[in-house]
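Spelled out, the chains give:
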Amino acid sequence: MFGATALNRRSYRSQAVAKAAFFLMTVALVIPVLIIVGTLVVKGGPAISWEFLFTPPTNNMTAGGILPALVGTIWLVVVALLASVPVGVAAALYLSEYAPDNILTRAINLAIINLAGVPSIVHALFGFGAFVLFFDMGASILAASLTLAVMTLPVVIVATRESLQAVPLAFREACWNMGATRWQTIRKVVLPNSISGILTGVILEVSRTAGETAPIMFTGAAAYVAFLPQGVFDQTMALSYHLYFIATQQTGVPEELTFGVALVLISIVLLMNAVSIGFRVYLRGLKKW
Amino acid sequence: MDRRDLAWHVDRVARILVFVGGISAIIFIVGIFVFVTKEGLDFVFGSLDLGEFFTSIAWRPTSNNPTYGALALMVGTASVTGFAMLFSVPLSLGAALYIGEFATGKTREVLKVLVEMLAAIPSVVWGFVGMSIMNPLIIRVFDVPLGLGVLNAGLILGLMAAPIMTTIAEDALKAVPDTYREAAEALGATRWEVILKVVIPASKNGLLAAVLLGVGRGFGETMAVLMASGHAINLPTSPFDSVRALTATIAAELGETVNGSDHWGALFTLGIFLFLVTFIINLTADLVVRGIRKK
Amino acid sequence: MVGPAAAAGTEGTAGPRYDESPIVQVRDLSVFYSRTPALSGVNLDVYRHEIFGIIGPANSGKTSFLRALNRMDAFNPAMDVQGSVRINGKDINDWRNEYALRSRIGVVFPLPVGLPLTVYENVAFSPRLRGIRQKEKLDEVVERCLTRAALWDEVKDRLDSLGSLLSGGQQQRLTIARALAQEPELLLLDEFSIAVDPVTTMRIEDVLRELRTELTIVLVTNLVQQARRLADRTAFFLMGDLVEIGETEDLFEGKVKDERTTGYIEGRYG
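Chains as they are written, first to last, in my numbering: chain A, 1 to 289; chain B, 1001 to 1295; chain C, 2001 to 2270.
If we strip away everything but chain A, and leave its shape as in the complex, we get:
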């Protein structure tokens, strides 16, 4: 009685075809990730050693390790975070907890979208014009980090706002009804319950910041610095820029070494991403209400 009609069968077949096609399309997008990571591991893996990580480059960067670049990247990321996390969290708090629905709020949201959308090289021009020249910081860790901070600000804002908004409104109302101010409510209930989500966003920002090249090229990264940075006004080497430099500007660099640098960089970035994702999954399992 309920046997499939020809029409029915045909629509089920087209369903199966569509599903398979979309699956293949998805695979076509994600397969390159595995190929890239695999190739980097195979070709760069042999270069990795304690010595590679913890000694400076030698012979015009055609040999030796990557210590100054590694340390420089850490400096850049830490200083950028110190600048962008407080500002980003404040912005997210404003948008989620205080902002009325008006033109200014819409303008802020538009500005955030644009900060994320402006090309990184334009951020570099801004950092150069504003921090290096106008504020006279020179090419330095400070100028480069501030440029990175402005560029990655949307990452913190968006992640923080999302985790703030995951805290139900009813909790806020309950606090307000007891006479808690908005700030007391934020401090006692909203922030403690979103801090881990914010942390997830910050880790993601670390991953973004560590990999950026264009914004630091003219603002503080140097091709070669013989010593480790001593303070925020020093120039520094950075992993990303080091990779660019030895891959395009320097001749006679053994392939293994370049692949090794790329492998270290992508490992840091993907590790941070994995931590962020793992953290998120863990949080999802942690029911607090």
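Please keep in mind that the hints were generated in silico from the structure rather than gathered at the bench. Each residue gets a CB set at the ideal place from its N, CA and C atoms; glycine is no exception. Hints are supplied without guarantee of correctness; some may be wrong.
FRET-style restraints, in silico, Cβ to Cβ [to be verified]: (1) A:Thr39 to B:Asp1143: 20 to 30 Å; (2) B:Val1010 to A:Leu169: 47 to 57 Å; (3) A:Val78 to C:Tyr2033: 48 to 58 Å; (4) C:Tyr2033 to A:Ala20: 42 to 52 Å; (5) A:Ala28 to B:Ile1023: 35 to 45 Å; (6) B:Thr1062 to A:Asp136: 26 to 36 Å; (7) B:His1009 to C:Glu2154: 31 to 41 Å.
Cut-off 16 Å, straight-line C-alpha distance, at most; resulting in silico cross-link-like pairs (EDC-like, lysine to aspartate or glutamate) [as the list claims (entries may be wrong)]: (8) B:Lys1197 to B:Glu1185; (9) C:Lys2156 to C:Glu2140; (10) C:Lys2255 to C:Glu2244; (11) C:Lys2137 to C:Glu2183; (12) B:Lys1197 to B:Asp1178; (13) A:Lys288 to C:Asp2160; (14) A:Lys188 to C:Glu2121; (15) C:Lys2257 to C:Glu2244; (16) A:Lys19 to B:Asp1178; (17) A:Lys288 to C:Glu2121; (18) A:Lys188 to B:Asp1011.
With chain A's structure known, arrange chains B and C on it following the hints.
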């Protein structure tokens, strides 16, 4: 002071502080425009010949008689971005449909994580992949002398722009209420018919915004294009031709210019152009998305 | 202390003090949500130490009335309040510090909200806001309030588990305990028994009767008989209008001015 009043004052101060954080985004975006424009201004009102800028392919800033024709750079950017979108848009939308509408449970989670990983790979690593993996591959497969060009940069750019398109498109699909799907399925439609006739029409604005943001991403990409495009001033006639992009030109040349020179100003002018175009793309995407919310 | 009110208090026969000035004076109070009226032109007084019942079918404006008393329109941009509300003779909009106003008014809404803090910290929340830090003092408040809210026996061994993970009925009583910990002058209850079983409801009702010696209660209820059991006076709201106010006994014995009141009390509509 009474404790309650103290709390009220603290709240006031906190409100002001977070407000400053809030408007900082506006300050920064205005700051970017002001500082980039400031450095470019002398050139724009001095040596810039708008006709030459938009119609000439002669970008010769270091010649004795410098010319600043940016047409080839614009065509370079457009060809690479266009080529990227050609394959990336269908793949990304297909992936969004698969992840959002078909995949379930573990498969879905794994695919989402892989898309995030795709987004996480730094641009300089993509560029390096273009140079060291794709370049020899293209030379071998197509038997051409050089593998750095529109094809190489376009493939890489497409993969780079795919995650944002997939994510935004999936959000748009998710925004279609389940009641629509259930209603159509109750009438005997298969999942695929529901998607084709109900979900896609209902989310088309969001899908369009996803594509726009993908275009914006491709348009503004710097390091990967610089490294994989061959960086040669050229109007491409085949996918194997080398080209040079607007962004890559700034990255490659700014380090060698004298502060305040014409060449310097010209590079900042390219920056103004890039800023304005991406601003318009983002604004349009935002308006398109806002359009759906209003309905 | 001298005077009849104090004397009445010491004799334990505390009741409404109609001879004193009212604690709440409401004049021409209207509430709109996005221009749709929810309550129109209400005038009434609530006297000290009375339990003031409000009954009426759904959408009659009962909850909007409570929300207006607490200036909760500040939380909801769509909510607009007109008219005046005076508490202790002072217009609530004259409080610059609206938070200080709310700290004196306890509120319990139908949907229970256990904050994602420990049970202990839920109850200690408002004492801490008042600046109480000593452990012994806080312990005492927590135990007293939880006991009064008929929750102490169930949670005394797990005061450090999350309040937001208690059962619905327990969360409701936690909310009541939290409101009591504010040591409010005025307690606003909105259908508090909706998530609570009948036995517990009766225990809480007993507590409310005792509390009348200390504070004033406005009780919105969908249970007509609950108003009859508890309220000194009862107001009947219908479709945003205050239909009538009277001594609870009078209303339930048919001494009403308006037919609609009898109709509702006798369950002809709801």
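- Message: Of all the hints numbered above, which does this structure not satisfy? Sort the numbers upward.
- Response: 2 and 16
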